[in-house]
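Student: Sequences are here, hints too, so could you generate the full structure?
The opening residue of the sequence shown carries number 17 in the working numbering; numbering runs sequentially from there.
If you're looking for bench data, these hints aren't it; they were derived computationally from the structure.
Note that beta-carbon positions come from the ideal geometry of N, C-alpha and C, so glycine has one too.
Be a bit skeptical, because a hint or two may be false.
BS3-like mimics (lysine-lysine), calculated; alpha carbons at most 27 Å apart, straight line [said to hold, decoys possible]: (1) Lys111 to Lys127; (2) Lys62 to Lys135; (3) Lys127 to Lys85; (4) Lys135 to Lys119; (5) Lys62 to Lys127; (6) Lys119 to Lys85; (7) Lys83 to Lys127; (8) Lys135 to Lys34; (9) Lys83 to Lys34; (10) Lys35 to Lys62; (11) Lys34 to Lys127; (12) Lys35 to Lys127; (13) Lys85 to Lys62; (14) Lys132 to Lys62; (15) Lys132 to Lys85.
DEER-style ranges, computed between Cβ atoms [claimed, not checked]: (16) Pro120 to Ala86: 26 to 36 Å; (17) Met75 to Val45: 13 to 23 Å; (18) Asn103 to Met17: 15 to 25 Å; (19) Val45 to Glu131: 13 to 23 Å.
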Amino acid sequence: MARLLITDDAAFMRMTLKKMVTDAGYEVVAEAENGQQAIDLYLEHKPDLVTMDITMPEMNGIQALEKIKALDPNAKVVMCSAMGQQNMVVDAIQKGAVDFIVKPFDEPRIKEAIEKALKR
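Tutor: Take a look at the structure:
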């Protein structure tokens, strides 16, 4: 069973995503509310996949993605973005994100993104 770290500054978004991924058969090992927390929890739990919100306080998702990839080049990170953040999504993919999910979350799309990312 794949182990996930969910990163989003909104508790409601973390809760929504956690329910969708656990319903799909994945285990959520940790939740982070900003990029710095995501890095710390990544090092602590070594999850198989990270979902990373782009816009967060303290450290945004792109900065956290870069730091996680520097620590572990094999890290699998799926970015989560609101509509209208396409340029940031392109930036994230160039910096090593494996996929992206657009909010509001669509359950079949989330499953597809996670499965695709884990096969890489």
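Student: Evaluate each hint against the coordinates.
Tutor: Each hint tested on the structure:
Annotation: proposed proximity of Lys111 to Lys127 holds, straight-line Cα distance about 22 Å (limit 27 Å). Restraint check: the Cα-Cα separation between Lys62 and Lys135 comes to about 17 Å, which is no more than 27 Å; the hinted pair holds. Between Lys127 and Lys85 the CA atoms are separated by roughly 23 Å; this keeps the pair inside 27 Å, and the hint holds. For a cut-off of 27 Å, the pair hint linking Lys135 to Lys119 stands: about 23 Å separates their Cα positions.
Distance restraint check for Lys62 and Lys127: the Cα-Cα separation of roughly 20 Å lies within the 27 Å cut-off, and the hinted pair is therefore satisfied. Between Lys119 and Lys85 the CA atoms are separated by roughly 24 Å; this keeps the pair inside 27 Å, and the hint holds. Straight-line distance between C-alpha atoms of Lys83 and Lys127 comes to about 25 Å, which keeps the hinted pair within the 27 Å bound. Using a Cα cut-off of 27 Å, the hinted pair Lys135 and Lys34 holds, with the two alpha carbons roughly 20 Å apart.
Between Lys83 and Lys34 the alpha-carbon distance is near 24 Å, which keeps this suggested pair within the 27 Å criterion. Between Lys35 and Lys62 the alpha-carbon distance is near 21 Å, which keeps this suggested pair within the 27 Å criterion. For the hint pairing Lys34 with Lys127, the CA-to-CA distance comes to about 12 Å; that is within 27 Å, so the pair holds. A distance of roughly 12 Å separates the Cα atoms of Lys35 and Lys127; the hinted pair therefore holds under the 27 Å criterion.
Simply put, Lys85 and Lys62 have alpha-carbon atoms about 12 Å apart, close enough for the 27 Å limit, and the pair holds. For the proposed pair Lys132 and Lys62, the alpha carbon gap of about 19 Å is at most 27 Å, so the pair holds. Pair hint Lys132 plus Lys85 holds up; C-alpha atoms about 18 Å apart against a cutoff of 27 Å. For Pro120 paired with Ala86, a C-beta distance near 31 Å keeps the hint of 26 to 36 Å intact.
The hint said 13 to 23 Å for the Cβ distance between Met75 and Val45, and at roughly 20 Å that hint holds. With their beta carbons about 35 Å apart, Asn103 and Met17 fall outside the hinted range of 15 to 25 Å. The hinted window of 13 to 23 Å between Val45 and Glu131 holds, with their beta carbons roughly 18 Å apart.
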